[in-house]
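2 protein chains.
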Amino acid sequence: MSGAKILNITGMSNNESKWVALDKIEYQDPSGKKRVWEMCHRTSRKGDCDAVAIFTILSATEDKPEETLLVSQFRPPVGKLTFEFPAGLIDEGETAAQAAVRELKEETGYCGVVREVSPIIFSDPGLTNANMKLVVMDVDRSLEINQNVVAVPDEGEFIDVFHIPVNNLYDFLIEKEKTTHAVDARLLHFAYGLKFASKV
Amino acid sequence: MSGAKILNITGMSNNESKWVALDKIEYQDPSGKKRVWEMCHRTSRKGDCDAVAIFTILSATEDKPEETLLVSQFRPPVGKLTFEFPAGLIDEGETAAQAAVRELKEETGYCGVVREVSPIIFSDPGLTNANMKLVVMDVDRSLEINQNVVAVPDEGEFIDVFHIPVNNLYDFLIEKEKTTHAVDARLLHFAYGLKFASKV
Chain A
1 MSGAKILNIT
11 GMSNNESKWV
21 ALDKIEYQDP
31 SGKKRVWEMC
41 HRTSRKGDCD
51 AVAIFTILSA
61 TEDKPEETLL
71 VSQFRPPVGK
81 LTFEFPAGLI
91 DEGETAAQAA
101 VRELKEETGY
111 CGVVREVSPI
121 IFSDPGLTNA
131 NMKLVVMDVD
141 RSLEINQNVV
151 AVPDEGEFID
161 VFHIPVNNLY
171 DFLIEKEKTT
181 HAVDARLLHF
191 AYGLKFASKV
Chain B
1 MSGAKILNIT
11 GMSNNESKWV
21 ALDKIEYQDP
31 SGKKRVWEMC
41 HRTSRKGDCD
51 AVAIFTILSA
61 TEDKPEETLL
71 VSQFRPPVGK
81 LTFEFPAGLI
91 DEGETAAQAA
101 VRELKEETGY
111 CGVVREVSPI
121 IFSDPGLTNA
131 NMKLVVMDVD
141 RSLEINQNVV
151 AVPDEGEFID
161 VFHIPVNNLY
171 DFLIEKEKTT
181 HAVDARLLHF
191 AYGLKFASKV
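One line per chain: the protein sequences are A and B, in this order.
In this text, residue positions in the first sequence follow UniProt numbering: the first is 1, and each later residue adds one.
In this text, residue positions in the second sequence follow UniProt numbering: the first is 1, and each later residue adds one.
Because the hints were derived from the structure by calculation, they are not lab data.
The reader is advised that the hints may include incorrect statements.
If chains are identical, the list can't say which one is meant, so a pair holds when it fits in one copy or spans any two.
Claimed, not checked - Lysine to any residue pairs mimicking SDA-like chemistry, simulated, CA-CA at most 25 Å apart: (1) Lys176 with Gly3; (2) Lys18 with Glu157; (3) Lys178 with Gly79; (4) Lys195 with Val114; (5) Lys80 with Gly32; (6) Lys80 with Thr10; (7) Lys33 with Pro153; (8) Lys5 with Gln28; (9) Lys199 with Asp48; (10) Lys34 with Asp154; (11) Lys80 with Ile174; (12) Lys195 with Gly109; (13) Lys64 with Ala197; (14) Lys24 with Val161; (15) Lys24 with Ala197; (16) Lys24 with Ile174; (17) Lys18 with Lys199; (18) Lys24 with Thr43.
All of these numbers come straight from a predicted model, not from anything done at the bench.
Make the full structure from the sequences, and use the hints.
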């Protein structure tokens with residue numbers, strides 16, 4: 001996976017882009033004054049939500065601790081490999097839960113069951129209306145279907161899957177960030193929350 | 001704070017925008033094939049990192065539990081009030097720690113001490129190179145300087161500050177999301193990590 005690299009970056013306008021666009025927002029501030037804000041939006045949204053990310057729980061077994069799944073892939077906007085939760089855009093007509101089941105299977109090969117779906121949350125609300133739901137899924141690794149799983153990525157996706165003990169998530173990310181990977185901010189926030197609560 | 005509202009949204013190109021821009025990235029995928037990706041970037045970055053967000057720890061006292069600080073403000077890209085950690089862009093020549101001390105004071109009025117600074121993390125790596133550091137800060141509310149604090153927001157900022165018990169952060173956000181506020185994804189991930197570890 002080390003062959004990926006950036007070749008060239010050039011400016012682009014809304015009429016050249018397919019997936020993203022810039023907007024100028026005129027708004028009234030709380031004092032009644034008219035102001036301007038600039039933002040970016042994804043043009044791919046089908047309903048009210050762009051995407052899902054998945055916190056997977058693989059229960060502890062006799063020989064394995066409780067683990068979660070991370071995906072590693074080359075992300076052109078970052079220009080590096082990243083660690084993120086498995087994630088993807090919601091297709092037309094899909095619920096967030098359905099998208100999560102599909103994406104987990106595509107990206108990791110595992111069949112999971114949805115435990116919980118968050119409300120819509122915003123990835124960087126000062127910059128963009130890009131939004132998502134965090135879906136919590138259980139994977140039963142004793143099931144036949146979850147033995148020797150094989151991912152079925154979309155064309156053009158090159159994804160490596162990592163099984164990380166939940167109680168080591170933060171330290172794993174910090175260590176990898178020092179060497180090979182950039183880390184998704186939502187994932188690091190999750191991991192820091194885990195670590196903080198575990199220490200208290 | 002309820003008077004804020006969106007008046008108009010129009011498309012915009014890179015030569016009209018001041019704060020954001022679109023890019024077309026040509027990259028080589030891991031198989032060696034040339035591909036295109038579209039992204040958005042902040043034009044305001046001064047060094048290698050755009051922004052900081054602050055997880056504040058106000059220690060428990062005789063009559064108060066351990067609390068953290070959230071800010072509520074109207075976010076034009078979302079068109080609603082949001083809850084986020086106190087946050088802001090890093091100024092020219094500032095370290096992340098310096099930006100965090102300054103932003104906490106401006107947005108909440110509190111003087112804090114930096115406990116920990118995360119590595120650079122990426123808010124939505126499929127969409128943008130926008131990045132940040134999570135800064136953990138302690139606020140000693142027994143200090144004279146932290147009595148009857150007054151925020152000193154920038155011109156055009158209208159921010160309400162909330163003190164939330166750390167062990168109630170997730171439930172607070174879920175409840176507010178049902179009624180008045182949108183929630184930042186990084187904050188909700190942090191809160192879910194806290195909640196998940198506390199249950200285990």
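Here's how the hints hold up against the structure:
In the homo-oligomer, the alpha carbons of Lys176 and Gly3 lie at most 25 Å apart inside one protomer (19 Å), although the nearest pairing across protomers, at 45 Å, exceeds that limit. Taking CA atoms no more than 25 Å apart as the test, Lys18 paired with Glu157 passes inside one copy only; the shortest distance there is 18 Å, against 33 Å between copies. In this assembly of identical chains, the alpha carbons of Lys178 and Gly79 lie at most 25 Å apart only when taken from the same copy (16 Å versus 37 Å across copies). With identical chains, the CA atoms of Lys195 and Val114 are at most 25 Å apart both within one copy (24 Å) and between copies (18 Å).
Taking the closest pair of Cα atoms, Lys80 and Gly32 come within 25 Å of each other only across two copies (15 Å); inside a single copy the shortest separation is 44 Å, beyond that limit. In this assembly of identical chains, the alpha carbons of Lys80 and Thr10 lie at most 25 Å apart only when taken from the same copy (18 Å versus 33 Å across copies). In this assembly of identical chains, the alpha carbons of Lys33 and Pro153 lie at most 25 Å apart only when taken from different copies (16 Å versus 49 Å within one copy). With identical chains, the CA atoms of Lys5 and Gln28 are at most 25 Å apart between copies only, with a shortest distance of 5 Å across copies and 43 Å within one.
In the homo-oligomer, the alpha carbons of Lys199 and Asp48 never lie at most 25 Å apart, since the shortest distance is 37 Å inside one protomer and 31 Å across protomers. When the C-alpha separation of Lys34 and Asp154 is checked against a cutoff of 25 Å, the pair qualifies only between copies, where the shortest distance is 16 Å, while the shortest distance within a copy is 45 Å. In the homo-oligomer, the alpha carbons of Lys80 and Ile174 lie at most 25 Å apart inside one protomer (16 Å), although the nearest pairing across protomers, at 34 Å, exceeds that limit. For a Cα distance limit of 25 Å, the shortest separation of Lys195 from Gly109 qualifies neither inside one copy, at 28 Å, nor across copies, at 28 Å.
When the C-alpha separation of Lys64 and Ala197 is checked against a cutoff of 25 Å, the pair qualifies both within a copy, at 22 Å, and between copies, at 18 Å. In this assembly of identical chains, the alpha carbons of Lys24 and Val161 never lie at most 25 Å apart, being 39 Å within a copy and 28 Å across copies at closest. Taking the shortest alpha-carbon separations for Lys24 and Ala197, neither the intra-copy value of 41 Å nor the inter-copy value of 41 Å comes in at or below 25 Å. Proximity of Lys24 and Ile174 under a CA criterion of 25 Å is satisfied in neither setting, with 37 Å inside one chain copy and 30 Å between copies.
Proximity of Lys18 and Lys199 under a CA criterion of 25 Å is satisfied in neither setting, with 46 Å inside one chain copy and 43 Å between copies. Proximity of Lys24 and Thr43 under a CA criterion of 25 Å is satisfied in both settings, with 15 Å inside one chain copy and 15 Å between copies.
In this structure, the hints that do not hold are numbers 9, 12, 14, 15, 16 and 17, in rising order.
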